[in-house]
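There are 2 protein chains.
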Amino acid sequence: MGDEKTQVHFGILGCAEIASKVCRAINLSPNSILRAISSRSIEKAKQFAIKNSLSESVKVYGSYEEVLDDPFVDAVYVPLPTSLHLKWAVLAAEKKKHVLLEKPTALDVGELDRILDACESNGVQFMDGSMWYHHPRTARMKEFISDPTLFGQVKTIYSSSSFFPPPQFFETNIRTKADLDAFGALGDAGWYCIGAILWAMNYKMPTTVTALPATIRNSDGVIMSTTVAFHWEQEGTTATFYCSFLSHETMDVLVLGSKGSFHVEDLIIPYEESSASFNFTSGASFADLHIGWNMKEQEVQVHNELPQEALMVKEFSRLVKGIKDSSIRPDTKWREVSRTSQVVLDALKLSVDSGFKRVYI
Amino acid sequence: MGDEKTQVHFGILGCAEIASKVCRAINLSPNSILRAISSRSIEKAKQFAIKNSLSESVKVYGSYEEVLDDPFVDAVYVPLPTSLHLKWAVLAAEKKKHVLLEKPTALDVGELDRILDACESNGVQFMDGSMWYHHPRTARMKEFISDPTLFGQVKTIYSSSSFFPPPQFFETNIRTKADLDAFGALGDAGWYCIGAILWAMNYKMPTTVTALPATIRNSDGVIMSTTVAFHWEQEGTTATFYCSFLSHETMDVLVLGSKGSFHVEDLIIPYEESSASFNFTSGASFADLHIGWNMKEQEVQVHNELPQEALMVKEFSRLVKGIKDSSIRPDTKWREVSRTSQVVLDALKLSVDSGFKRVYI
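Protein sequence lines correspond, in order, to chains A and B.
Residues 1 to 361 in the working numbering are what the first sequence spells out, letter by letter.
Residues 1 to 361 in the working numbering are what the second sequence spells out, letter by letter.
Isolated chain A, as found in the complex:
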C-alpha cells in the first residue's frame, strides 16, 4: 500500500464480473487506490461492494455520472458493454478523468478515434484493459524474439483464445448480444490473438486479413467462433488465429522465426499468479540420419511480484501521476497499441460480413 495522498484515485463505471478482478488489482497496486464504484442501480453497486469486501471509504454510486462528477476521482476503469464505450469514455475524458477502457475498445475505429481525440484534447491518459502486456514474461518473450542471433526474423505466428462457457452465458452475456457487442468471440477472445500477433510484428499492420467460412454466428448474428489469416507482403510473414466461445480453454501463442521459435500456453491469464513461463528453442536441427533432434525446448520461468492486472494498473497510474505531478504529456504508446488492434478487428469483421473475402488494410 502506498501513501493515499500520492496515489491515483480510481472510479469504476459498472459492476461487470471483470470489475472484481480490477478492483483487487487497484488495491494491490501501490500507486493506486479505489475511490468509487457505480452501477445504474444503487442496490447492485452496494451488493458489489459487499461481495468484494470493499473498504467503507469507497463511495458507492447509483449512476455513472456521479463517478465522473466526483472531484476526488482521477481515473476511471470502464468495463461497460462495447456499445457504451463511446459515450462514457468521451464523457470521462471531458470530465478530465484518465481512461482505462475494457476491450474491445469500441464498435469501430471511428468510435475509438473519437475516444482517443477526447482523451488527447483533455490531456488524459488512455489505455485498454489487456493485462498480459504488463506481465514481465511478455518483456522477456519480446527480448527473445528481438534477438537476431537467437530468433532471427518472424516467419509465422499462430494464436488461439477460446473457452467453453456454461449455457447461461449464451442467454445473458453481453458478448452474445448484437446491440451490446456485435464482435462476440472475435472482439473478446480474438482481441488477445490480434494483440499478440501485432505485438510480435511490432505493430506493423498486415497487408490483408481474411476470415474463414467456418465462422459460426448465433441467431443474433454475433460471432461465436472464427478462424482468420493475416499476411504481410513485404516481410512474407503470415499469422493465423482461432477464437471461440465453443471450445476448450486455450490461450496459445506460437511464434516461429528463422532461427528460433517460442510457445506460450497461458498468455492471457497465466496458470499461476506469481510466475509464468514460456518455452523456446533456438538453433534446433535434426540429429544424424534424421533420427532425433540436437536439442529439446527450454522453459523460461519469469517471476512477477504483483499479478499482471495489478502491474497494468500500476503502469497506468505511473503515467497518470506523471501527467498530474509533472505535467508530462500523456503517453501515446498504449493508444497506438489499441488502435492497431481495433483497425484489424474492424477489417476481420468486414471479411466475415462480406462473405469471407480477403480484406486489404
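Derived by calculation from the structure, the hints in this document are not laboratory data.
A couple of the hints might just be wrong.
Where chains are identical, the list cannot tell them apart; a pair therefore holds if satisfied intra-copy or between any two copies.
[Unchecked claim] With a straight-line Cα cutoff of 27 angstroms, these simulated DSS-like cross-link-like pairs (lysine-lysine) come out:
#1 K95 x K321
#2 K204 x K357
#3 K142 x K296
Chain A is already provided as a structure; the job is to place chain B on it using the hints.
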C-alpha cells in the same frame, strides 16, 4: 533379427539421404531384411554400401531395373524424386514388388491413381513413407481425441513443419527443382501437416483449402514456404498450417476440441528415439475472479521398443507377409491415407497457382 527365410526382402531404388535411415530401419525390423540397393551409378551404390556398413550379402546394383528383376526382392522402398515415382512405382508393381513409396507420393492424384491401380491389379501392398503414423504415441493421441468425454469434438487444428537447411540445399536438393519436385516445401514438410490434419479429422476431406499470398517461391517457381487454411462446412471445423524451408525447425500439431486440447512438438521426428510425449488438458477453466487456471497441462510419455521408421517397415512387412503367406488381399487403409493427402496437396497447389483462391474439393 528374425529368420531370414520368413523375412520380407527389401530392395531400395536410389541412394537418397533418407535411404540411410530406412536401410537401418529395415534391418531393425524383425520381419524384414535388406536384400539389394541400387543407384544409376554402380560407384555411388558401392559408396552407399560402405558408408552405411551394409552386410556383404546385400546386392549392390548399378540400375533400378536390376532390383526389380531380382527374384529374391519382395518389396521396394522408393526414395526417388517425385517426378520419377509414377514410372518406377508402376514398374515395381508390374514386377510384383510391394511398394513403400516416399512422399509426396506423386506429381498429382492422377499419377498416384495410376500407381495405386498398378498395385491393386498386381496384388501388391502400397504404403507411403510417412513414419509418424506408426509411432505408438500417434495411437495414444488418437485415443485421446476420440474420447467424447475428455476431448469432445475437433474444433480447430494447427500444424507447422519447417526447417532451415544450409545454403547448398537450395542449389542442389531435388526438393528445390521444378522438374523433380514442384511442390517443394508443400510436398515435403507440408505433407506431414496435411497428413496430421486429415488424421485428426479421420480422413474426412475439407470443404475448401486456401493458400495465403505470403507464399514464397524460388526462381524455379518451387514453393519454399506457405501458409494455408482448411474448413469443413458440415462440422464447422478449421485447420491452418505453415510449412517452410526458410524457418527454424518445428514439427508442431495442436488439436483443439470442445472439451480438451493437445499439443505435440516433435510429431515427424521425435526428440528421442525410444520414447516420445505429448501434452494435453481436458476440462480446463479459469479459477475464481479469472485469476489462474484450475489445472496445468499434463504430459503423456509413450515408450517405443523400435524407432518409428522400423515400426513403419515392420507394419509394411506384416501386410506383405499376409499377402505372401496367407493370400490375404492388400490392405487398403494406407492407400486411402496417401490418396486423401495427395488430393489436398493438389488442391493447395492449385490455390497457389491460381492466385491464392479458395479451392473447393
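Hints, one by one, checked against the model:
1. K95 x K321: So K95 and K321 pass the 27 angstroms test inside one copy only (17 angstroms; across, 84 angstroms).
2. K204 x K357: both (21 angstroms within a copy, 25 angstroms between copies)
3. K142 x K296: both (21 angstroms within a copy, 24 angstroms between copies)
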